[in-house]
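Visitor: What follows is the residue order along each chain.
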Amino acid sequence: MPTSFEQDFGETRVIHVSGTLRAKAAVHNADPSGADDLSIAAAESAMKDLSGDFQNWMGDEINRLVAAFDDYRSKGPGERDITNLFSAAHDIRGQAAAFGYPLAAEIAGSLTKLLDKIEPDYLPTPLIAHHVDAVRAIYRSQVRDYANPVAVQIIHTLKRTIDRMVEARTNAIAEEQKMARGR
Amino acid sequence: MFRVDCSRLRFLVIDDNGFMRRIIRSLLHGFGTREVTEAEDGAAGLEAFATYLPDIVITDWSMPVFDGIELTKMIRQPDTSPNPFVPIIMVTGYAERSRVFEARDAGVSEMLVKPISAKGLYLRIAKVVLNPRPFIRTDNYFGPDRRHLIKAEAYKGRGAAANLLKSPSA
Chain D
1 MPTSFEQDFG ETRVIHVSGT LRAKAAVHNA DPSGADDLSI AAAESAMKDL
51 SGDFQNWMGD EINRLVAAFD DYRSKGPGER DITNLFSAAH DIRGQAAAFG
101 YPLAAEIAGS LTKLLDKIEP DYLPTPLIAH HVDAVRAIYR SQVRDYANPV
151 AVQIIHTLKR TIDRMVEART NAIAEEQKMA RGR
Chain Z
184 MFRVDCSRLR FLVIDDNGFM RRIIRSLLHG FGTREVTEAE DGAAGLEAFA
234 TYLPDIVITD WSMPVFDGIE LTKMIRQPDT SPNPFVPIIM VTGYAERSRV
284 FEARDAGVSE MLVKPISAKG LYLRIAKVVL NPRPFIRTDN YFGPDRRHLI
334 KAEAYKGRGA AANLLKSPSA
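Just so you know, the protein sequences line up as chains D and Z, in that order.
At position 100 of the first sequence the residue is numbered 100 (my numbering), and the sequence of numbers has no breaks.
At position 14 of the second sequence the residue is numbered 197 (my numbering), and the sequence of numbers has no breaks.
Treat the hints with care, since some could be wrong.
Said to hold, decoys possible - Within a straight-line C-alpha distance of at most 20 Å, the following computed SDA-like cross-link-like pairs (lysine to any residue) qualify:
1) D/K113 - Z/R282
2) D/K117 - D/A129
3) Z/K310 - D/T20
Claimed, not checked - Anything over 12 Å on all C-beta distances counts as not near chain D; from chain Z, calculated:
4) R205
5) T220
6) E221
7) A226
8) E230
9) I239
10) E279
11) F284
The set of hints was computed from the structure by calculation and includes no laboratory data.
For glycine and all other residues, C-beta sits at the position ideal for the given N, C-alpha and C.
So here's chain D without its partners, still in its complex pose (with noise of 0.2 Å):
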């Protein structure tokens, strides 16, 4: 553990950590900027021999979704448990992106947004069931820019209805609040 000196300001304490990962790994750099540019580009070139493996990565991360879905629909109200189906479109939100998929990460994160502000009584079934279907068919289809007009669309209208249920279910929440004060 490095070692360090501690300056008193009563009831908060500052620590200066001093043997730091400066001195074991900060070397000398011909460019002012500070940016290892030979560095970033030995990754990037790491990461596109990656990209082969991208197109079924993404395909068992669909399919890890459309699992958790059938999953999810397949109880009843009562006993549905999201945790599977909100871990499944967390990772194709965080990840689609990188293995060329942007548009599908965006509805995947529109689908967390519903997952995460809604509660699981009143999350609604057919536009979970939107949001899967059209992660799956961004794909199928390979669509992997915004220049595809419907997926464009398709991403807007969800997003939009999304927005409007959140904002409904927090307003609804809010006077459900107010009226328990009032009694």
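Knowing the structure of chain D, use the given hints to seat chain Z on it.
Guide: Chain Z in isolation, oriented as in the chain D frame:
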């Protein structure tokens, strides 16, 4: 000016998604890193942290068992952690302001919002290595100074003055 020689650093990558771990590992190897340890959830990550004593932890937020925020809070326990000062870079799909504040208040050093890029990751590593922030200890927080623009020089002399004012002989 300086750059970071990543071949001298040990990394621990914690993410429940194997594809993301592989991407991060590839980027780190591209930077020249030789030692990368992986863990697939918060519990395994904490165990690997104690075993391998990495120089930098890169963790996901959303994970089973316990998540990246809980993991960060455990690592930042000054009395029990093997290295509570370790830089923690959180790679996450969450970009909302409230999430950023939550991560900051847990003791995360830097956040990197997905999709991950080579430049984005390198810049976060460079920041924690070349411009580390001092740590703050209060009754309810232990972690990097949450004010990102404060540099260590800003504290020079102030601690001595504060101690002098508090001393009985002053």
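Visitor: It remains to establish, for every hint, whether it holds in the given structure.
Guide: Here's how the hints hold up against the structure:
1. D/K113 - Z/R282: holds, 13 Å
2. D/K117 - D/A129: holds, 17 Å
3. Z/K310 - D/T20: holds, 13 Å
4. R205: For Z/R205, whose nearest Cβ neighbour in chain D is about 7 Å away, the distance does not exceed 12 Å, so it is violated.
5. T220: holds, 17 Å
6. E221: Fine: 15 Å to the nearest Cβ keeps Z/E221 off the interface.
7. A226: holds, 17 Å
8. E230: Since the minimum Cβ distance to chain D is about 18 Å, Z/E230 lies beyond 12 Å and the statement holds.
9. I239: violated, 7 Å
10. E279: violated, 9 Å
11. F284: holds, 16 Å
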